[in-house]
Structures are given as C-alpha cells and as structure tokens.
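Protein chains in written order, with this note's numbering: chain A, 1 to 518; chain B, 1 to 349.
In case anyone wonders, no lab produced these hints; they're calculated from the structure.
Computed from a predicted structure; not experimentally measured.
The beta carbon of each residue, even a glycine, is placed where N, CA and C say it ideally should be.
Please note that a few of the clues may not be correct.
Stated by the list, open to error - Label pairs and their calculated CB-CB ranges:
(1) R146/A to L116/B: 43 to 49 Å
(2) D97/A to L116/B: 53 to 59 Å
(3) R146/A to W268/B: 50 to 56 Å
(4) L116/B to F120/A: 43 to 49 Å
(5) H117/B to D460/A: 27 to 33 Å
(6) E102/A to S42/B: 52 to 58 Å
(7) T22/A to S42/B: 39 to 45 Å
Stated by the list, open to error - Where chain A lies over chain B, by a calculated footprint (3+ residues, C-beta under 8 Å):
(8) 187 to 197
(9) 201 to 208
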Amino acid sequence: MPTASGPSAPPHALDATGLTKTFVGGRALSEVDLQIAAGEVCALLGENGSGKSTLIKVLSGYHSPDPGAVVRIGGQELEFTSPHSSYALGARFVHQDLGLVEESSIADNLAFGPGFPTRFGTVLERKARDRARTALNAMGLDVDPRLKVGRLSPAQKTGVAVARALLPDEASPARLLVLDEPTARLPEEEVEQLLAIVRTVAANGIGVLYVTHRLDEVFDVAERAVVLRDGVRVVSEPVEGLTRDTLLRQLFGATLEKAHRRADQLPPETPPVLRVHELRSEVLRGVSLDVRPGEIVGVAGVTGSGREALCATVFGARVHDEGEVEVRGEALPSHRPDISISRGVAYVPAERKLSGCFLDLPATENISISSMRSVWSFPLLRRSKEKEIARGWFERLGVRPAGAVDSPMSSFSGGNQQKIIYGKWFQQSPSLFLLDEPTQGVDVGSKAELHKALFRAAEDGAAVLVSSTDVDELVTISDRVVVLLRGRVVAVLEGQDINVHELTRASLGISTPGEGVA
Amino acid sequence: MNIPRRGVGFERFSGLYLWAALIIGFSLWQPDFFPTSSTVHSIAGERSISAILALAIIIPLACGAFDLSVGAVANFATINAALLINDGWSWPAAAVMAVLISTAIGAVNGLFVVRLHVSSFITTLGIGSVITALQIVVTDNLQPVAPNQSNESWANFTNHTIFGFQIVFLYLILLAFLLWWVLEHTPVGRYLYAIGSSPDAARLSGVAVNRFTWLSLIASATLAGVGGVMFSSLTGPSLTYGGGLLLPAFAAAFLGSTQIVPGRFNVWGTVMSIFVLATGVKGLQIAYPQAQWLDPAFSGAALVLAVAVAVGRQRSGEERTRKRLSRKGSGPRPDAEASLPGQTEHAVI
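Just chain A, same shape as in the assembly (with noise of 0.2 Å):
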C-alpha cells in the first residue's frame, strides 16, 4: 500500500481494487488498484489509449467494469448503475471541456446547476452573487461573479468549473475531484494559479485524481504518481523516489529515445528564408527575425506577449498593418493565405479542431485539400493517386490505425489528427514551416514522432519557425528561442542559452540573472 492508513483516519477519497473493463475487441484496463487518501493529490499520467479516460469514465459511472471490481469513493461501495451513484457518494469531475457558459456570468454558471435561489420566482440575485463568491473564495479565486466567464483567464475558467463541481451538497459532500488535464490548455504562466487551486481543494480534505500530460506538474502538485499503460498500472509511487526519467520510462515502457538534434547541422551562412522586418499589427509592436534553410526557431513568451500572434500574422491569417514578410526574396502581403501557401509556406494553427483540419471529412480530402492540382487532371480527380499520398502520410508518420484513410478526421486521436495536418503540408514540400503550438493535445509518444518528422524536413533546408507554450518542447528542438515580451523581441537565446530558466525569465522580462523568477 503506497499511503499508509491508521484505523482512526478518515476513509480513502477514493478504494479501487481489482478494475478490469473489456471492451469486445480487448482489454482497457486490466486489475488496476488505486488508492487516494482524503486531502492527497495523486497524478494520473499514461499516453493516449493507457486507459487513463476508461478509468475516468468507470468512476463517473458512466462504464461498468467487469465483475470483480470493487471501488469505494469515501469509504462507501459504488455501484455501476448510473452517473448519480457516482455523485452521490461525493465524487466529482471536471472535464477538458470545462461546459461553462461563456455569455452568462460567474454567478450564473454557478447556479445553472443546482438551480437559483429565488422568492416567487424571482432571482434573488445578491444571494446567487453571495454564493458564488463563497464557492469563488474556497477556491483562492478572488474575482468578481458578475464577470462573464468568456472574459476571466483560462486558468480563472477552470477554477470555476471547480468551484461549480465542489459547490456545497449537504446530502452529498464531495471527497474525490478527478480533473481531467485541467492543463492542456493553458499558457505556461496560467499553470501555477491552477496548481494553487488543486492544492486548496487538497487542503480542505478532497481527494484529488489529477491527470496530466506535463511531467513538471507532477512533481509540482502530486504527492504520488500512478502510470498506466496498455491499461495496466506500472507505477503507484510517491514523487520524492521519482525522476522525470523514470517517469517516462514507464510512460512508454521501452527506452524512450529523445528526439534530439545537434545544433552543429546548421548549414554556413546563407540568405535567410524568411526575412520578418518591423512587423507591426494589433498585438506585435515591431518585430524583426531571420529564419535561415535548415534552421528550428522558436517563440517564446507569455499570452499576449505577441508569441500567439507571431507566426498567424507571417503566414497571413492574422492581419498585420505595416513591415514586411519576406519569403525567399519574395514579399507576402497581409491576409492572404493562399498567396502565402502558393509561396512555399506551410501554417499549422493551435486550434486544431476549429481551424487547422475538417473534423467531419476523410483524412485523404485533409490531405489533399491544399495541392488539389496535383491530383486533378481533367476532367477527373484521380482518387487512387489522392489515396496513394494519403497512404504514404500514413506510413511515414506512423498514423493509426494505420491505413485508415478514408476514416473521418474525427474518428483519429489527436495526436494522429495531428500527424494528418503534417502530412497534409509535407506533400506540398514547403521551403518555411510555421507553426502554432505544434504538438498541443498530443501524447508524448506522437510528440516525439513530430519533433523527428520536423528535424527531418528542417534537415532537406526547409526553415521552421515555431510558436509554443510548451517549454521543454522549444529547448528540445529550437536552433535558436526568439523570446517576446510587449509586442517586441526581448532576447535571443542560442546554445547553452536555451533552457527552462533562461527561457522563463527572458519571457517575464527579468533580465539579470539571480533575481529569481516571481
């Protein structure tokens, strides 16, 4: 037993023993133990498909496990019958998708729920305000609930999905919280205040399931570790006995390789691919930056330092008011994508699912989309040619299931969703890659698969510029990390220079070392 427990202490947030789901065609999770304590954060951490989501879902109740299967939430049996069971023995989720009502206020979304309060039917509007900043302040969050939600900050959105999962139920009080990656989406300077809310929740006695694709929070946040993969729990350990290496290790359970490439590859000096002169827009206030053939730029800084905007506005999604985008010598004008595309540029935006693929079409049309006239010859488009590039996509990047391509795009995971989009944009050869949170939403396996794909094309002297949040991912791959602070370029970082703290301080605008990071 990985936390000891005295008979006089409080009974476990959560007693799973013996889970095992089958689905018709295998095993999900097989005999997976799991133990979290009143007040203890555990971290949950497994690659797409470990059977991480069909261990959420079997808490929810939302699947029933095969028999066998025993799972206690505060000391009381569940029974698989419905997700209310699972309410009401003081289990609570809050999902990626937070479902807060983006148009109403804090208040509002608060009392969606369990229902305003009201005399004759009116809205006793102070009494909702009152509640909610009572539900607010429990978690640290110390807003406004009159505020609409679609203006707080990410992480301020996610505390209030807390807040309303661990809004007061004297018939049922909450003893577990499960987040399903409360983190994917957040900037890197947002993370910090989620943490401190997950660490309020843990104080007031909660047990907390949290589950993360970052390994940094793990030892930020978690008092133990628990790793599945393949459905099958490898380790069940408290953080102090585990490194970043083992971690990974488990994750994945064969050595993993760390994409990694030498900066010494860089080709001599040669014209820049791209040329950026005093680009100004709504957000940028004058940047300038050469990407040179062979060469992996990154990005970085905070939201709203301009990073987010960067590559969008080179590439012409964004509109950009004066300065230049030189391509190879040629100039890019604003707005135009399909002059940029034309040019030899290749875009991938962060938001994968809204602007970077068509969800309800065949991974071959995604492919294809962008170099239609290679596969048309009038008067017919020549499909066996359009599924030939598809399949050799598929096969390169390792998509699965692999030779699916005439699945929709919605039915691949998003790492493989991702790879898609890649292979869409390596048929076209582009001499410039820009790209936007590149691997956002991806399993650390898929990640790696990306980085190499990259270094490849970046070694046939294709120029990548990269935008991220993810700042292991810049130190792993860039060349070179232009940081941006206001709209401006604040520091270049090369070599040695490229590391988390470097990284991280140039981003917050601390320039002398030994300041300390606030």
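Add chain B to chain A, keeping to what the hints say.
Relative to chain A, chain B alone:
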C-alpha cells in the same frame, strides 16, 4: 459478428428500400391505377422542376450557406421568360435572358453574404421577399398570357416526350450529372465541402473561401432560374408556385444527405429523395384524390425526420468510432464532434 461499418450497407441505401416498399405497397393497394407507366411518367415530369431546385440549393449547402431565395428566383424567371416571349422575343433569347437575371440575383445574394457579412439565411430570406415584390411590380399581380398556347416550339422545349417521358426529366438527369461531376470529381467540389466543414480551416489551407461562397450562391440562383424557365415552358407562368417548391427542395436535400454519401449533401441522394417522396405522395393521391394536404405534409415531415435521422446517425457513428478506438486501445475520443451538414449556419442565426 460483423459490425456494420459507417456509411456502408442498409442505412446508406435505406431510401431505395423505402422506395421499393412504397412501390410494392401502393401496387398491392391500388393495382389498377398505381403500377402504370402513366404514373411513372407523370411523377418524372411533375417533379423534375422540384428536383432542379433541390439540386440548386445543395450547391451553397455544400459550403455551409443557405439559399432560401431559390423559390422566388425560379418563379421570377418563369414570369420573365413568359413576359419576354409575349413581348416578341424568340423563346431561346427570352430563356437566356431570364436565366441571366437570376444569375444577377445570385450575385447580389453573394454580395451581401460575402462582402457585407450578412448570414446567408437572412440574406436570401430577405432577397427572396424582394424578388417576390419585384414580380408583383412587373406583372401587376396578373398572370401573363401563357405563350405555350401559341408557341409550339416553346412548349416542346420541355413537353416533347421521349419513351413517354417529358424531356424535362432528361434535362434534370443531365443537370444532375453535371453537378455530380462538379461536386464529386473536381477540386471545386472539394473546396465547397471543405468550406462547409470549416471555413477557417479552408481559408488557412489556401481555399478562396469568399470566392467559392459567392460562386455557390450565383450557381444556385442560376440553376433556379433554369428550373423556372423550364417550368414556364412546361406548365405556364404561374405567379405563386415558387414558394411551394422551397420546402420540398430542402426536404430532399437534407433527406439526400442521409443517403448514398451519408453526412454530405450529394446529388444522387437528393434526386432519389425527391422521387421517393413523390412516389409516396402520388400513391396517396391516387387513393385519396381530394387530399390537397398530402404534399406539404409529406415534405414537412420528411424534412424534420431527415434531420433527426442524420443527427442520430452521426451520434451512433461516433459511438461506434469511440468503441472501436477503445477496443484497439488507441484511446477513446471524448471530444468527437457532432456535425450535420449546414450546422455552422444554424449557429450564426
């Protein structure tokens, strides 16, 4: 056990089975009147114009835009063709002119949708009303003399029969082939469906979203104009039929999007749906000749049921996908999105 794969098998051709069931049912019920060649010919002739309008609207629907003005545009073209012929124009010139006027209306629709960012739903609803008003101005609300009484070649343009079918049915088939080729076998079709799936992603993939949206509205108005001109030759310059064809057209388009290529507005699904519905209406009309309400009741119910089926299929498809992924251990997708063709448009209204 053989789990049915998405898009293959019974559901995809359920319309055909329904059609067969209707034909057999009515043949048993009305053995003297229903299973005759005249039933076949009259359904084919009567419904060809409806089918052309249904084909017109699936072009903008493919890229997520509604064209609610096709009924008014078709009616206007019918009147214009008749008036011009009555004015002494040769019928081919009058037909071309009436179609060009329709094309211009489509361009105006596009202007509002693309340049002025008015939702296509609102734009075409409004413009349709304006066109109806224009028609009243042009005709003083008096039905023009039908030129097909005196002008035989004008009447023959659509009424000439081949193997018992009015030739208008052949025009429909030709137009359907043309549109099928454009939507399924050319880059234009791919661009339209891509825009319909995600306008943002299409723009970032280099698709000229504005241009194709505009063109789709021009194409739908033009095709509606063609249908209207044919109606003028086929039946005569009715002042009011256009509005009545709009709903059946949408019913067929949405019903069609559950058939042949489920999840997509497609040509053959749409054409098939028109005739499945027409068969049902015809059979009941033979049994109850007085029942005027049959047609609108069938179309309305079909529209709502078609959308219900499409949504239901989408959801069960996702459920299968999710189960398949979790069986294979490559991770269930909690975030699969339900999307019905044209759903984007509903969201902005």
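**Study point:** List of violated hint numbers, smallest to largest
**Key:** Violated hints (numbers, rising): 1, 2, 5 and 7; every other hint is consistent with the structure.
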